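Take the given structure of chain A and dock chains B and C to it, following the hints.
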Amino acid sequence: MTLEIVAFWAFAVTLVGAGLAVVLGKNLFHSVLFLALALIATAGIFLTLDAEFIAAVQVLLYAGGVITLVVFGIVVTERLVGEKLSHVSRHVAAGGLVAAALAILLLRGISHGPLATTKPGLAGDLTRQMGTSLLTRFTLPFELLAVLLLIGLLGASYFARPED
Amino acid sequence: MTGNPVFFALTALLMPAASFLIIGALPPLRRAGRVAAWFSSGCALVALVAAVLGWRAFAAAGTAEPMRAVWWWLPSVRGPLATVGVLVDAQSTTMLLLVTLVALLVQVYSTCYLSDEPAPSLGRYYALQSLFAFSMMGVVLAPNLLQLFVCWELVGVCSCLLIGYWYRKPEAARAALKAFWITKAGDVGLLIGIVLLHRLTGTFDLVELRHLAETSQIPLAGLSIITFCIYLGAMGKSAQFPLHVWLPDAMEGPTPVSALIHAATMVTAGVYLLTRTEWLFALTPQVLAIVCWNGAFTALLAAVLACVQTDIKRVLAYSTVSQLGYMMAAIGAGFAGAGFLHLLTHGIFKALLFLGAGAVIHAVGSNDVADMGGLARRMPQTAIVFLIGTLSLAGVPLFAGFASKEEVLGSVLHGGFPIPFLMLLAAAFLTAFYMFRVVFLAFFGEGGARREARSASIPDPGSTHLSPPTSHPAAGDSTDTAHHGHGVGSLAHAHDAPFLMTGPLWILAIIAMIIGVSFLVTPPHAEFESPGWLTPAAVVVALSGILLAWLTYQRRTISADALARAFGPIRRAALARFWLDDLYLALYRSVLLVFSRAIGWTDRYLVDGVLNVISAWTLDGGDRLRRMQTGKVQDYVWAVGFGLLVLMAWIGVAW
Amino acid sequence: MGLQAYLTLAAVVFCIGLFGTVTRRNTIGILLGIELMLNAVNINLVAFSRFRGDDTGMVFTLFAICITVTEVALGLAIVILLFRTRRSASADHIDWLRG
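Chains A, B and C, in that order, are what the protein sequence lines are.
Numbering-wise, my numbering puts 237 at position 113 of the first sequence, and it's gapless, one number per residue.
Numbering-wise, my numbering puts 530 at position 278 of the second sequence, and it's gapless, one number per residue.
Numbering-wise, my numbering puts 1477 at position 58 of the third sequence, and it's gapless, one number per residue.
Keep in mind the hints are simulated off the structure, nothing from the lab.
Please note that the accuracy of each hint is not assured.
Said to hold, decoys possible - Chain C stretches covered by chain B per the calculated footprint, using a threshold of three residues with CB under 8 Å from any CB of chain B:
id : region
1  : 1437-1444
2  : 1497-1506
To be verified - Label-pair distances were calculated between CB atoms; the ranges are:
id : chain 1 : residue 1 : chain 2 : residue 2 : range
3  : B       : 894       : A       : 235       : 20 to 28 Å
4  : C       : 1516      : B       : 869       : 22 to 30 Å
5  : B       : 863       : C       : 1516      : 17 to 25 Å
6  : A       : 286       : B       : 894       : 38 to 46 Å
7  : C       : 1483      : B       : 891       : 44 to 52 Å
8  : B       : 846       : C       : 1517      : 48 to 56 Å
9  : B       : 882       : A       : 285       : 27 to 35 Å
10 : B       : 894       : C       : 1517      : 12 to 20 Å
What you are looking at is a predicted structure, and each value in this text was computed from that prediction instead of being measured.
Every residue gets a Cβ at the ideal spot worked out from N, C-alpha and C, and that includes glycine.
Only chain A is shown next, with the shape it has when bound in the complex:
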């Protein structure tokens, strides 16, 4: 019972539980909050994988940024006054069937091949490695990402312009 295993299981259970709450919840706002919990649990999983930088980015961008965005979206689109935020799922059976079947197939596929059981040793700090490769090997995607963010910014502001 090492710390790693306990941490993994804790975060895993939290993640799965929060995920189920997201999709099965009736209240949209509650679903969003459970999503935030799921995202933080994911950050925890990243920590167990020694990916501290990714975990930090996850918490900052996802749990911070995305949730904020979604909350604002809800505020804009739902009539908060006088009406309960609720939504009923549709076609549960069909969706559940496909999701379950897909899960089963994926799990079976995973259980087939021989997979590594121990993590290889780390040669140095992963964060430092990542930074280096971002600016050397992956410079081009890095820059393109910046362009992409610019395009996204423009697009979103165009979409959301005031009506005239």
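Chains B and C only, in chain A's frame:
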């Protein structure tokens, strides 16, 4: 002058074919009308010259062996399955003479008779005439049964098209179709017979078959059916009972067409076929007996029917049926030579009679005998040639028909068929009677006075018809007089026809006279000995028929009314044409139309129904499938997930 | 914990996200489902990268997270636009492309 008879025969055969192809392929030539007429007649003249030269060359060659030239047509493993070509022997060269002569004379005659047809129609007429001449010669010169059958069918098609030349007239169109159908019924039998014969012997070729038959190499089992089937074909074309009903209706065509087709060529094709295959029929005497009895019966039946007709062309049509019965009876008695001789003489004088009748119709403007009278004074040439033809038909000595008719009678008696002989004798009496009735009514006697009392010609005690149902032409839409643009002829203005029409008449009349005289001087070689009383008996029968006609219609000592009353029931039956047409119509309606309707129903509801059901299902299915496109993104995502599942399962990722 | 554990976790979360995407009626609910799916993919990437000792997968994850944020922003912009024109955020009403 000798030469290769095969070459001449080929020339004679191919000239009208070339004429047809050229006229058919060049619309300007066809539309020019008279130019096509002269072109076609020119080719016919060349064909006649070739036929004469070929006949002389073959006769000079002296050999009795037939010569032939064939080309492969349908190849098969063991040599050609079918060949085309010509077979030249005594029969075919003689027949070729008759065909080319009558074809030429008819084409020349038609240039004047059909002078006021529109030019394109005239072109069509001559194209058809050329095609007909070619196909008839194809039948005559056929070296094997397959080519004979092909040309036989072609003859039928041409005759249908020529009978229906004025196709806008419903009666003409119906008559053409009727001719086609009835002869087709016989042709089915012919085809079956030819195929069965091929199965039995392995060859279509006439020379080989003859050799096999004469050396008794053909198995006799089933041969009777084959010969009977071949006889069926002849029955259709040569208008034997009960397939004779098309011939009187075929008079809706122009008179030159009747002269060509229904006197000398097409209807003789059946007789010619039987003559060609007599060695085959000789192996099946029972079928020959049927041929003889049916021929004699047809002769008598048609003679009776001819006595009550008032349309001059219908009288001649029934007379043709009757004479064809004579020829068939002779063949059935086993003496095909006698039948063939009668075929040749009959061809001459019947063509003469038809063309003469055409001149009369052209002058008077009506087919009906009641509209005619005293034409001998006004149309002396026509009267003379018509009289020559009638005397030949009646079988009076010195004229062509006498010797051949006596041959036929003698052969039937010698062949051991006494009752058919008596039937033929009775038919001879009636032939003389009805032909001279027409002569006396049309050419002698008072003219004009008859026109008012139309019903006075043949008073009818019992029935309400004045004349046979379809033969009475009303003014203006008569069969082949309505087209005369230069005024409908009338009795008062009747005159002899122009030279182009009387020329052929005189040629035929002179030939008939020459044949008659030469037969009197040197009787044709007979294969049998006739009893001594035969010739006087035949002459007496003919003369008594003429006498009866004279007494009734010229001198009026015997009243036509009394005669009619005496034969009342027979007369009524004859006027209704013995209800044969009605029988055929009833059969057509009850059998053929019912069958057609059943097939039609099956086609509409079963065949089309299946297709309609399939199409309806397709449309319905498409409609339902359309609802898969809901337009909602989530459903598409679900579909992607499902597709991913299928893909994974298929390529066996998870197994 | 072996690689298999992480992959299993990611597969389960992915399928949960798929279920959410397909069944939610609210458009924002659909976006939440998509978020879960993307998260599962990121877990997969990082796990593989760690067990190889390589950092390539983690860099990929970085990019994925950034792009996801962009996509969420744009998606919400679309939802807002839809809400403006239709006065409804229900995904059932967006069916103009139906056959």
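Verification of the supplied hints:
Three residues within the 8 Å Cβ limit are the bar, and the region 1437-1444 of chain C against chain B gives 5, so the coverage statement holds. Under the rule that three or more residues need a Cβ within less than 8 Å of chain B, the assignment of the region 1497-1506 of chain C is violated, with 0 such residues. Checking the proposed 20 to 28 Å range against residue 894/B and residue 235/A shows it holds: the Cβ atoms sit about 23 Å from each other. Range check, residue 1516/C to residue 869/B: Cβ separation about 27 Å, and the 22 to 30 Å hint holds.
Roughly 34 Å separates the CB atoms of residue 863/B and residue 1516/C, a value that falls outside the hinted 17 to 25 Å. Against the hinted window of 38 to 46 Å, the Cβ-Cβ separation of residue 286/A and residue 894/B comes to about 41 Å, which satisfies the hint. Our hint of 44 to 52 Å for residue 1483/C and residue 891/B is violated, since their Cβ atoms are close to 25 Å apart. The hinted range of 48 to 56 Å is satisfied by residue 846/B and residue 1517/C, whose Cβ atoms lie roughly 54 Å apart.
Between residue 882/B and residue 285/A the beta carbons are some 31 Å apart, a value that agrees with the proposed interval 27 to 35 Å. Distance hint for residue 894/B and residue 1517/C: a CB-CB separation of about 19 Å, consistent with the stated range 12 to 20 Å.
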